[in-house]
Amino acid sequence: MSKEVLQGTLDLMVLRTLESMGPQHGFGLAKRILQVSEGLLDLNQGTLYPALLRLEQRRWIKSRWGVSDNNRKAKFYELTRKGRRQIAEEAAGWSRTVALMDRFLKKAEE
Amino acid sequence: MIERLLNLLRRRRLDRELDVELRYHLGSLEAEYRTRGLSVNEARLAARRDFGGVIQTQEAYRDQRGIPMLETLWRDIRFSLRSMRRTPVVTLAVIATLAIGIGANTAIFSVVNGVLIKPLPYPDSDRLITMSHSAPGVKVADVSSASFLYLTEREQNQTFEGVGLLSQGTATVTGRGEPEVVRRLSVTPEILPILRIAPLLGRYFSESDCAFGSRNTLVLTYGYWQRRFGGDPAAVGQSLTLDGELWSIIGVMPRAFRFLDRPVDVILPIRIDRSRVTVGGFFIPSIARLKPGVTLEQASADIKRLIPIAIESFPLGPGATRQQSQNSRLGPNLRPLKQDVVGNAGNTLWVLMGTIGFVLLIACANVANLILARTEGRRQELSIRAALGAGRTRIARQILTENVVLSLTGGLLAIGVAYGSLRLLLAFAPASLPRLEEIAIDPTVLLFAFGLSLFSGLLFGAIAVKRYARPRYSAAFHSGTRWSSGSRERIHARAILVVAQVALALVLLICAGLMIRTFQQLNDVNPGFAKPGEVQTMQVTIPQASLPDMELTARKQNQILDRIASLPGLTSAAYMTDVPMGGGVTADLLTPEGKVLRPGETPRSVQTRFLSPGLFGALGIPLVRGRDLTWADLYEKRAVVLISQELARLEWGSPEKALGKRLRGSSAADEWKEIIGVVGDVRDRGLNQPVTPTVYFPVLGQRVYNNPAYVFRSVTYVIRSPRTGTPAFLDEIRKAVWAVDSNLPLVNVRTMSDILDESMARTSFTLVMLAIAGAMALLLGVIGIYGVISYAVSQRTREVGIRIALGAESGQVRSMFVRQGLVLTAVGVAVGLGGAVALTRWMASLLFEVSPLDPVTYVAVSVVLIVAATLASYLPSRRATRIDPIDALRAE
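Protein chains in written order, with our numbering: chain A, 1121 to 1230; chain B, 41 to 932.
Since the hints were derived computationally from the structure, they do not count as laboratory data. Among the hints, a few may not be true.
Derived contacts from chain B toward chain A, CB cut-off under 10 Å, selection only [unchecked claim]:
{"no.": "1", "residue": "D55"}
{"no.": "2", "residue": "Y64"}
{"no.": "3", "residue": "L66"}
{"no.": "4", "residue": "S68"}
{"no.": "5", "residue": "E72"}
{"no.": "6", "residue": "Q98"}
{"no.": "7", "residue": "D103"}
{"no.": "8", "residue": "D182"}
{"no.": "9", "residue": "P348"}
{"no.": "10", "residue": "I351"}
{"no.": "11", "residue": "E352"}
{"no.": "12", "residue": "S353"}
{"no.": "13", "residue": "L356"}
{"no.": "14", "residue": "G357"}
Just so you know, even glycine gets a beta-carbon here, dropped at the ideal spot from N, CA and C.
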């Protein structure tokens, strides 16, 4: 997969990861997302930060400063209630898109 | 959105936070790679690779955080301020030019706004109209209104919320210290409700206050209440002696109340005796308020319908016939009230606004030139920016931002300039300019100044952008090349600016020149009276209540005159109703004895004046034929008149033929009067107006104006003496009047020179304004030419050096540059002449006996401009001849 990630996709990945792992800092998030994608996703990890800011501005996640495992100052992100609701919506929207694209691709094969 | 705006303010802290976050991320990545056994360097590189561009991340993050456009703008502005500091002289020159240009425009605009644009200071003032009528049958365009029309219109109209009559005059207040003349406004009960102004204290006239025979009531204006009653609320209920009668005060108007730009002290009711109203009695002003949604046309149709009804409903005056009233073809002449208040001030003001706008354009051209020169110095910087990847729009935006920052700074200072020049302007403005009190720097004016600044910034910014925004990557690398074709192009841009400047300056100078010629012509006009500086005038009114008898009134006026005449150093003295150019208008339709009007011919309207013997001598009006009035004529009420030369010529062919002929006014009840003398013509309505045909009656007499007998109680004494203008002389005159009656106030104390100056005030005002604008334009134009030639000299240093080395004479070198300047000027003058021909006809109404295409002005102005331009190009060209060829060639 190319380095350019569909905007909505990265957002959903971040939200889902936060949902499953709880509060997490940027590095941890990036690591986890790459882990889950099992090499399918080639992500410039820097891209994550504008996305995090965007989600924060939408009030889907919130951040606070904390101390990491290795005792360094780091910013931790966590889901808000609004963000939790949003995951379901985003996921549904994404499924619809996939289903739709699926049909087109199948049609094209026939 | 608000959060993003706030983020703009806490940029620094947010940047630091992001830095910590990113560093943590990179550090963690590095640490991971280290645990996998990579060296420090390898780990760092790997971490960077995984992370991607740190700078790009920061940029993307910042864009997401704030509002990208605003942030760039802010950066551009800060950069602009920095680069302005780097070239302080150019920056100051630009800002000062703009401050003056925009400031002058703002000042004039505040006048235009206050006088012409702002609505009248009454609620829903667009529905206020002047209720006038016209009588084309007797060639009178405006007869105002009359009681019989008013009564019919107020009772039977379908299109008005209210119709009211008003009249203005003076009254004498006695019994409160020194006698005082106050300005009186008389109104029917509808007037103040029409204007929608409620009294501050007490109440306003009710219908019963305006009923005929009701007790005397009056309302004070705020100013008079403050002045004479110290703002005491107990004034309401007190009484005031006006022309010898007691009036009780029932109310006070609010401070903001202005009556159509005319000063008023007291407001009295008009009490109409309906049983005595006849068809006639015109020239009483009337105003009305339209019902919502009614157009002027609908209202006119309504009035047209009512006029025949009005004529039928009232008895005719003595000597009048129904046929006469039909022949006058009375009709509606309604117009917005604002039009009457503003009058013809619009002409002058729009011409001023236009010229001052021209000055700003010229100033912008100069500024554009300076900006071009400055941007020229930054070509390298711009080229490097372009080479480093700044797009065309990015550079254009930067240049525009810089220029708008410059122009807005200029605009800010301009408000100060406008404030100062407005005070100066108002100090010089003719008193006849309407609504002076409403002129102020208000939000509309500020918005105008802002818009103008933005506009000029974008205007000259666009010129700079057009020249420099196209990235020329190569230019950065041969910066010093003076041979590149680019410089020729840039000279071209400047040349166009200079041509435009010269053309604009020429138009303005021609306007100013035409005004100077007008002023000259006016000064050459003979007003009809001699040595106005020697003549003192002042008005004295003997109230009817204090001396009802007509003959005794005339005797008393005579007595005052005798007292004045006995003063030392007096040449002559007399009195009359209204002095020439004094503003008073009395007129009648003339009926020469034995004259039968041809079909379609209308009776001539003539001015009427009432006077004492000796008046013509005192004013210096020559007696052409016949004799002057005598006191015997006056007291024996002989049926005699004098007429002006022009009237004699028009009606009888010559002064000789007019002598002994008889005439009377429009009323058949009037007495035939014999012409005993013909006197010189007077330009009664102003120097720029034709002479006025006039009939002069004795101040006491009988059977004139449909009156069985008359005396004029308000007369103006005309006193000729070499001592006129000294305070001691005025004091002696006052004492002489008060020796006869200490209750008589003196008003309108002025010399005939004052009156003459007042009648020329608007012309002199326009002249001064245009002269200032013209001088500014000339100066700016000359600076423009000087700048371009200087620039050309500096650009061609090397070429000139070679020429001199090859043996060119210094005269040849000089003339090369002067020629260049002259070519530009010639083109500018040609364009300007064309522009002037097209534009000056707009100012025709301000001119007097000067054609808008006056050849003298056009030639003189062109010559002045060409001489100035020659000088402006000669000065820098001298520098070229001092070029040392060796230095010039080495300079590269």
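message = Are any of the numbered hints broken by this structure? If so, which, sorted upward?
response = 1, 8, 9, 10, 11, 12, 13, 14
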